[in-house]
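Peer 1: Residues per chain, in single letters:
2 protein chains.
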Amino acid sequence: MATLHYHPFCPHSRFVRLILAELSLEPDMVEEKPWERRMPLLEINPAGNLPLLVDNSGLAVPGSSVIAEYLDETHGESLGDRRFLPRDVEQRVEVRRLLDWFHVKFHAEVSDYLATEKIYKRFTPAELGGGPPDMGAIRAARTNVRYHLKYIGYLIATRNWLAGQHLTYADLAAAAHLSIVDYLGDVPWDEDETAKHWYARIKSRPSFRALLADRVLGMPPWEHYDNLDF
Amino acid sequence: MATLHYHPFCPHSRFVRLILAELSLEPDMVEEKPWERRMPLLEINPAGNLPLLVDNSGLAVPGSSVIAEYLDETHGESLGDRRFLPRDVEQRVEVRRLLDWFHVKFHAEVSDYLATEKIYKRFTPAELGGGPPDMGAIRAARTNVRYHLKYIGYLIATRNWLAGQHLTYADLAAAAHLSIVDYLGDVPWDEDETAKHWYARIKSRPSFRALLADRVLGMPPWEHYDNLDF
Numbered sequence: 001m002a003t004l005h006y007h008p009f010c011p012h013s014r015f016v017r018l019i020l021a022e023l024s025l026e027p028d029m030v031e032e033k034p035w036e037r038r039m040p041l042l043e044i045n046p047a048g049n050l051p052l053l054v055d056n057s058g059l060a061v062p063g064s065s066v067i068a069e070y071l072d073e074t075h076g077e078s079l080g081d082r083r084f085l086p087r088d089v090e091q092r093v094e095v096r097r098l099l100d101w102f103h104v105k106f107h108a109e110v111s112d113y114l115a116t117e118k119i120y121k122r123f124t125p126a127e128l129g130g131g132p133p134d135m136g137a138i139r140a141a142r143t144n145v146r147y148h149l150k151y152i153g154y155l156i157a158t159r160n161w162l163a164g165q166h167l168t169y170a171d172l173a174a175a176a177h178l179s180i181v182d183y184l185g186d187v188p189w190d191e192d193e194t195a196k197h198w199y200a201r202i203k204s205r206p207s208f209r210a211l212l213a214d215r216v217l218g219m220p221p222w223e224h225y226d227n228l229d230f
Numbered sequence: 001m002a003t004l005h006y007h008p009f010c011p012h013s014r015f016v017r018l019i020l021a022e023l024s025l026e027p028d029m030v031e032e033k034p035w036e037r038r039m040p041l042l043e044i045n046p047a048g049n050l051p052l053l054v055d056n057s058g059l060a061v062p063g064s065s066v067i068a069e070y071l072d073e074t075h076g077e078s079l080g081d082r083r084f085l086p087r088d089v090e091q092r093v094e095v096r097r098l099l100d101w102f103h104v105k106f107h108a109e110v111s112d113y114l115a116t117e118k119i120y121k122r123f124t125p126a127e128l129g130g131g132p133p134d135m136g137a138i139r140a141a142r143t144n145v146r147y148h149l150k151y152i153g154y155l156i157a158t159r160n161w162l163a164g165q166h167l168t169y170a171d172l173a174a175a176a177h178l179s180i181v182d183y184l185g186d187v188p189w190d191e192d193e194t195a196k197h198w199y200a201r202i203k204s205r206p207s208f209r210a211l212l213a214d215r216v217l218g219m220p221p222w223e224h225y226d227n228l229d230f
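Taken in sequence, the protein lines are chains A and B. For the first sequence, the UniProt record's numbering assigns the number 1 to the initial residue and increments by one for each residue that follows. For the second sequence, the UniProt record's numbering assigns the number 1 to the initial residue and increments by one for each residue that follows.
Keep in mind that a hint or two might mislead.
No distinction is drawn between identical chains; accordingly, a pair holds when it is met within one copy or between any pair of copies.
Claimed, not checked - No farther apart than 30 Å at their CA atoms in a straight line, the calculated lysine-lysine pairs in the DSS-like style are these: (1) Lys33 to Lys121; (2) Lys33 to Lys150; (3) Lys105 to Lys121; (4) Lys33 to Lys105; (5) Lys196 to Lys121; (6) Lys150 to Lys196; (7) Lys196 to Lys105.
Since the hints were made in silico from the structure, they are not lab data.
Let the sequences and hints guide you as you build the complete structure.
Peer 2: Given below as structure tokens:
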């Protein structure tokens, strides 16, 4: 049986949960607290990053990009036209470019700030960096999310999905990161109707259900978080 | 003709230059100043990160990971056993795990601090963040590099190259990042003879020559930087 080590509000974990659900794979789920740097986890994955997938044969596959490539190589072919990393070289460049965009740029400018300041710091002991949120970081994230939303709207204005005519890893990554920001009520959806409709489409997929059921203890989601027709 | 947009002391650019040289590809080289955020570059690559490869057909491939995957998909097969991203699934996971290790973790903990504080800030106008180096960041990088060197020694103690029996992208990435730190004289080579011998092996490859010829204006390299028998 495969196992996924994850945190419910880690955007990289959410991306991999979406892929697994789209592939109808249901690994055992082990919730980790990233700030604890648990030793058994570090023995399997010395870098300590989440998520970590341990496959049926015991092979440890750490990190969202490595897992996404691994799942494409082991399951992609069987998906045919639905493949999330399409066969065409140019398409693969576009999907991977957007994966970098959301996993690195959006993460650094938006989702990491918000997840850290509003969620992680709430549960992290003070000696490990927990405490009240840094409002400057939150304001920066709220400013930055606006141009990312515009960029999504710009792409979707000429394409069916973010990287082209089919749903790809790019959509799953973008939606995974946005879903954290959306839980916190920090996406200014009214500023871009095109981006909003794209998100409503992806949010209504069955693969999204588990994410919409996640709750931060003592911090309910923004009222439309799990509303498919928001 | 293909073109590579790069900066001589950007570790991600160095990684791609090593791959291209190993593949005997010689694109036109366009030096960029990352802090300038040049508009024509941003039009081709909105994220603005380096390196950026524009291939013979005009396809823009941005970022070291995307370029490495692209070059594997377009040139890897022809390399046979010398392929830098081996065919075997388990091997690919190991190579990509180590790529993440050096491009993300080593970069965040060591090479980004040193390149930014000692090199970039020297040439960046004050209004864009230039100025004297932050000694705290440099001290942190110098402390962090020690366990990374140990980790390389630990891997090489049981393997011929970082990810296994053959030279892979993992070696090229690790050496690209280390080469920046080595230029600055900040690698404590005496602390790990195994790691030192691995670096001497990779440094003596013809693909490394162009990197060893790079100079920062007004800042000569550490005396053994381009000495193959250091």
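Peer 1: The structure should be examined with respect to each hint, and the outcome stated for every one.
Peer 2: These are the hints, each one checked on the structure:
1. Taking CA atoms no more than 30 Å apart as the test, Lys33 paired with Lys121 passes inside one copy only; the shortest distance there is 11 Å, against 36 Å between copies.
2. With identical chains, the CA atoms of Lys33 and Lys150 are at most 30 Å apart between copies only, with a shortest distance of 27 Å across copies and 33 Å within one.
3. Within a single copy, Lys105 and Lys121 get their C-alpha atoms as close as 21 Å, and across copies as close as 22 Å, so both meet the 30 Å cut-off.
4. For the identical chains of this complex, Lys33 and Lys105 are neighbours both inside a copy (23 Å) and across copies (19 Å), given an alpha-carbon limit of 30 Å.
5. When the C-alpha separation of Lys196 and Lys121 is checked against a cutoff of 30 Å, the pair qualifies only within one copy, where the shortest distance is 29 Å, while the shortest distance between copies is 40 Å.
6. For the homomeric pair Lys150 and Lys196, the shortest alpha-carbon distance inside one copy (10 Å) is at most 30 Å, but the shortest distance between copies (48 Å) is not.
7. Taking identical chains as interchangeable, the C-alpha atoms of Lys196 and Lys105 lie at most 30 Å apart only when both belong to the same chain, with a minimum of 20 Å there against 34 Å between chains.
Hint compliance for this structure: no hint is broken.
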